[in-house]
Amino acid sequence: MQLSDDTLNVDNVIYVFDDRLTLVEVNDAYRKFAEANLADPQFLAKFGAGCKLLDVIPAPLQPFYTDLYRRALSGEVIEHDYQCHSPERYRMFRLRLIPLDDGRVIAENSLRVDAALPGALEVDEAAISGAYVGASGLITQCMCCRKIKAATGAGRWDWIPMLIASRDRRVSHGLCPVCLELYYPERPHRATPRSSALSVGI
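Just so you know, we're using the numbering used here here: the sequence shown kicks off at 255 and counts up by one.
These are computed hints drawn from the structure, not numbers from a lab.
From the three backbone atoms N, C-alpha and C, an ideal C-beta is built for every residue, glycine too.
Please note: incorrect hints may appear among the correct ones.
Okay, derived cross-link-like pairs now, EDC-like style, lysine to aspartate or glutamate, Cα gap no bigger than 20 Å in a straight line [to be verified]: (1) Lys300 - Glu279; (2) Lys300 - Asp321; (3) Lys286 - Glu342; (4) Lys286 - Asp265; (5) Lys286 - Asp273; (6) Lys306 - Asp321; (7) Lys286 - Glu379.
Computed Cβ-Cβ distance ranges for the label pairs, DEER-style [as the list claims (entries may be wrong)]: (8) Asp378 - Gly304: 22 to 28 Å; (9) Ala303 - Gly373: 17 to 23 Å; (10) Val264 - Glu342: 21 to 27 Å; (11) Pro341 - Arg410: 32 to 38 Å; (12) Arg324 - Leu375: 35 to 41 Å; (13) Gly384 - Val331: 45 to 51 Å.
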């Protein structure tokens, strides 16, 4: 069963997946959001209809989202708020998973908050190299809220719009303490998970 044009022709990002966690349908808003927010011009070829849903999600977040998707496939309506910021804007989205009669699930992503980034810092390349590049030569960015970990400063995480916009090759993704607590409240938080995967927030 294909979704109607009325369902797919909306501004909210919509995708549909089946019990194998495979994307079977995406709407135009999904395509437009990918084109406007993601660096990889081949994103839609890799992560459009037919791809595995978990391939889009960074490894440390896969257990969390697998649980949400499986609950939805079992018939539960799920709502989850998540952050997906642009270089200039603080954006909070709501993911709503709605089971369909044919065993598939429709995922709707709606924008809930759109505001100026609080406490954003304008820094130059010298300041980035001095304050945010760690001993390994990498910059640690939270894969959820996109804050950058200061190399010194007792665990401080800052908004650096320049790094969100540039997608610096030195960036390695992890989870800041706030997002780690949000996604994995039951785990001891002695270490931050690391992943080289890009957080796309869908």
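Going through the hints against the structure:
About 14 Å separates the Cα atoms of Lys300 and Glu279, which keeps this hinted pair within 20 Å; it holds. The hinted pair formed by Lys300 and Asp321 fails the criterion: a straight-line CA distance of about 23 Å is larger than 20 Å. At most 20 Å may separate the alpha-carbon atoms for a hinted pair to count; Lys286 and Glu342 meet this at roughly 18 Å. Proposed proximity of Lys286 and Asp265 is supported: the alpha carbons are some 10 Å apart, at most 20 Å.
Of the supplied pair hints, the one linking Lys286 and Asp273 is violated, its CA atoms being roughly 26 Å apart against a limit of 20 Å. Among the hinted pairs, Lys306 with Asp321 is consistent with the structure: their alpha-carbon atoms are about 15 Å apart, no more than 20 Å. Of the pairs offered as hints, the one joining Lys286 and Glu379 is violated, with about 31 Å between alpha carbons and a cut-off of 20 Å exceeded. Checked against the hint of 22 to 28 Å, the pair Asp378 and Gly304 fails, with Cβ atoms roughly 43 Å apart.
Checked against the hint of 17 to 23 Å, the pair Ala303 and Gly373 fails, with Cβ atoms roughly 39 Å apart. Separation of Val264 from Glu342 is about 24 Å and conforms to the stated range, judged on CB atoms against 21 to 27 Å. At about 20 Å, the beta-carbon gap between Pro341 and Arg410 misses the expected band of 32 to 38 Å. Distance hint check for Arg324 and Leu375: the Cβ-Cβ separation is about 39 Å, which falls inside the suggested range of 35 to 41 Å.
A hinted range of 45 to 51 Å for the beta carbons of Gly384 and Val331 is consistent with their spacing of about 48 Å.
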